[in-house]
Amino acid sequence: MNPYLKLLGIGLLATFHSAVGIAQSSGDPAKGKEIVAKTCVACHGVDGNGPVPNFPKLAGTDAGYLLKQLREFKNKRRTSEVMEPIAGALSADEMADAAAFFASQKPAPGTVKDPSLLDAGKKLWTDGNPTSGVPACAGCHGDRGQGDERYPRLAGQYSEYTQDQLGQFKSGKRKNDKRQMQAVADRMSEQEIKAVAEYIANLP
Amino acid sequence: MNHLSRFAIPLIVTLLAPAVLAEVEQQPRAPGIETKGYVWNKPDEEKARALKHKADPLKGKAAYKGCQGCHKPDASGRPDDDYPQLAGQHASVLIKQMVDVRAGRRDNPKMHPFVGDWVVSAEDVADIAVYLNSLPTPTNNGKGDGKNLALGKKLYEKDCVGCHGDNGEGDEGKFYPMVTGQHYRYLLRESRQIRDGVRRNAYPKMVTVIKKYSDADLEAVSDYMSRLLPAKAAAK
Numbered sequence: 048m049n050p051y052l053k054l055l056g057i058g059l060l061a062t063f064h065s066a067v068g069i070a071q072s073s074g075d076p077a078k079g080k081e082i083v084a085k086t087c088v089a090c091h092g093v094d095g096n097g098p099v100p101n102f103p104k105l106a107g108t109d110a111g112y113l114l115k116q117l118r119e120f121k122n123k124r125r126t127s128e129v130m131e132p133i134a135g136a137l138s139a140d141e142m143a144d145a146a147a148f149f150a151s152q153k154p155a156p157g158t159v160k161d162p163s164l165l166d167a168g169k170k171l172w173t174d175g176n177p178t179s180g181v182p183a184c185a186g187c188h189g190d191r192g193q194g195d196e197r198y199p200r201l202a203g204q205y206s207e208y209t210q211d212q213l214g215q216f217k218s219g220k221r222k223n224d225k226r227q228m229q230a231v232a233d234r235m236s237e238q239e240i241k242a243v244a245e246y247i248a249n250l251p
Numbered sequence: 051m052n053h054l055s056r057f058a059i060p061l062i063v064t065l066l067a068p069a070v071l072a073e074v075e076q077q078p079r080a081p082g083i084e085t086k087g088y089v090w091n092k093p094d095e096e097k098a099r100a101l102k103h104k105a106d107p108l109k110g111k112a113a114y115k116g117c118q119g120c121h122k123p124d125a126s127g128r129p130d131d132d133y134p135q136l137a138g139q140h141a142s143v144l145i146k147q148m149v150d151v152r153a154g155r156r157d158n159p160k161m162h163p164f165v166g167d168w169v170v171s172a173e174d175v176a177d178i179a180v181y182l183n184s185l186p187t188p189t190n191n192g193k194g195d196g197k198n199l200a201l202g203k204k205l206y207e208k209d210c211v212g213c214h215g216d217n218g219e220g221d222e223g224k225f226y227p228m229v230t231g232q233h234y235r236y237l238l239r240e241s242r243q244i245r246d247g248v249r250r251n252a253y254p255k256m257v258t259v260i261k262k263y264s265d266a267d268l269e270a271v272s273d274y275m276s277r278l279l280p281a282k283a284a285a286k
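Keeping their order, the protein sequence lines are chains A and B. Numbering-wise (our numbering), the first sequence opens with residue 48 and increments by one. Numbering-wise (our numbering), the second sequence opens with residue 51 and increments by one.
Some clues are possibly wrong.
[Stated by the list, open to error] Below are the DMTMM-like pairs computed for lysine to aspartate or glutamate, each with C-alpha atoms no more than 25 Å apart in a straight line:
| # | chain 1 | residue 1 | chain 2 | residue 2 |
| --- | --- | --- | --- | --- |
| 1 | A | K225 | B | E222 |
| 2 | A | K217 | B | D167 |
| 3 | B | K109 | A | E239 |
| 4 | B | K160 | A | E239 |
| 5 | B | K115 | A | D161 |
| 6 | B | K122 | B | E222 |
| 7 | A | K170 | B | D132 |
| 8 | A | K225 | B | E95 |
| 9 | B | K122 | A | D109 |
| 10 | B | K111 | A | E196 |
| 11 | A | K123 | B | E73 |
| 12 | A | K169 | B | D267 |
| 13 | B | K193 | B | D267 |
| 14 | B | K111 | A | D190 |
Since the hints were derived computationally from the structure, they do not count as laboratory data.
Sequences are here, hints too, so could you generate the full structure?
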C-alpha cells in the first residue's frame with residue numbers, strides 16, 4: 048500500500064474516532080422502547096434478548112457502544128447487509144433512544160453447547176496466549192465480560208455471534224475497532240475462537 | 051476451455067478474494083544503534099509532547115485498560131514470558147520506551163498494534179506513564195536459579211551500579227531504567243539483546259560495558275538484579 052495513502056487513512060480514522068468519542072449518548076429509553084417494539088423486535092426481541100443466535104443480544108450493553116455501532120452501520124464503517132438499511136432509516140435521536148433502551152434491559156443468561164471447551168476458553172479469557180501474543184480478553188472487556196463504552200459487554204452472548212464477529216475481525220470485514228480486535232483475532236486459532244466463544248456464553 | 055484454465059480461474063478468484071484484509075500492519079522500522087551517527091534519546095516531537103504534558107493518572111488508569119491483557123491489571127507482567135513488570139518504573143523511561151516502539155526504534159511487533167497512535171495519543175502515553183509510576187513495585191517477581199549470585203553481585207557493583215543504582219533504582223532524570231522488581235527472564239533477555247545489538251534503542255555507553263559479557267555473566271548479573279529490593283525494603 049502507498050505509505051501516504053496509509054497515513055491519510057490513519058489520520059482519517061483518528062479524526063473519525065475522536066469525533067465519536069465526544070458524541071452525546073444520552074437517549075430516552077421510553078421512546079426507545081417504542082422504536083424497538085416497532086422495528087427491532089423481530090430479531091433482537093422486546094428487551095434485547097432475541098431468541099436467534101445470529102442476532103446479537105443487546106440487553107445491558109453500554110449505550111455509548113450501541114450508539115457507536117448504529118452510527119457506523121448507517122455510515123457503512125461497519126458493514127452488515129441486514130443492519131445498514133435499518134440503521135440508515137433511523138434519525139440520530141432515534142438511535143440514541145434505542146441504544147438507551149437496550150442498555151437499560153436485563154441481560155438473559157447464555158447457553159453452553161460444548162462444556163468440554165470451557166477450560167480452554169477460560170484460560171484464554173483470563174490469561175491470553177503469551178506465545179502468539181493474544182492478550183487476555185478480561186483486560187479490555189472486564190473480568191466478567193461486563194464491558195464499558197469502549198470495550199463492549201460480551202457476557203452471555205450467543206457463541207455463534209461471537210464466533211462470527213471474531214471471524215469478521217480476523218478477515219478485516221469489521222474494522223471499526225481501532226484495530227485492537229483485528230490484531231487480537233488475527234492471532235487466534237479456530238480452536239481458540241470456538242473455546243472462548245463458549246466461555247463467553249457461560250459468563251453470567 | 052482446457053483443464054488448466056478451469057483450475058486457474060478459481061485460483062485467481064481465491065488470490066483476489068481477500069480484497070478486505072485485517073488492518074494488522076507491520077511495525078515501522080526507524081534507524082537505531084546499527085546506524086552510523088546514532089544518537090541515544092535524541093529529542094523528538096512526540097516525546098517532547100508527552101514529557102511536557104501535565105499528566106493525569108486517572109486518565110492514565112483508564113487508558114491502561116488496553117494494556118492489562120498482557121501486562122496484567124497490577125502491571126506486574128509475567129515471570130514466565132517476556133512481558134515486563136511496569137509498576138513503579140520511572141515515567142520518563144516509560145515514555146521514552148513507548149515512543150521508541152511507536153517510532154520503530156525498538157522492535158516489539160507483539161505489542162505494537164495496541165500502542166499505536168490510533169489507540170493512544172502522546173498525551174495518553176504520558177498519562178499512562180504517570181499512573182504506572184504511582185503503582186507499588188511487587189517483589190514477588192521471577193528470579194533466577196540463585197547459583198551464581200556472588201559473581202552477579204561482583205559484576206553488578208563493578209559495571210552497572212553507576213547507572214542503575216545501589217538498589218536498582220535507575221535515574222528518572224537521566225532516563226535510566228529502574229531494574230528493581232523486574233523479572234529475571236526479561237532482564238536476561240534485554241541484557242542479551244543490548245549486548246548483541248538487537249535492542250536498537252540501547253545506550254551505547256552501556257553496550258561498551260556489557261559487550262564483553264559471556265552468557266553465564268549475563269545470567270549471573272540478571273539473577274542478582276532480579277533480587278534487588280526497593281531502598282525502603284532493603285533497609286529493614
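* **Structure versus earlier hints - violations, ascending order** => 1, 3, 5, 12
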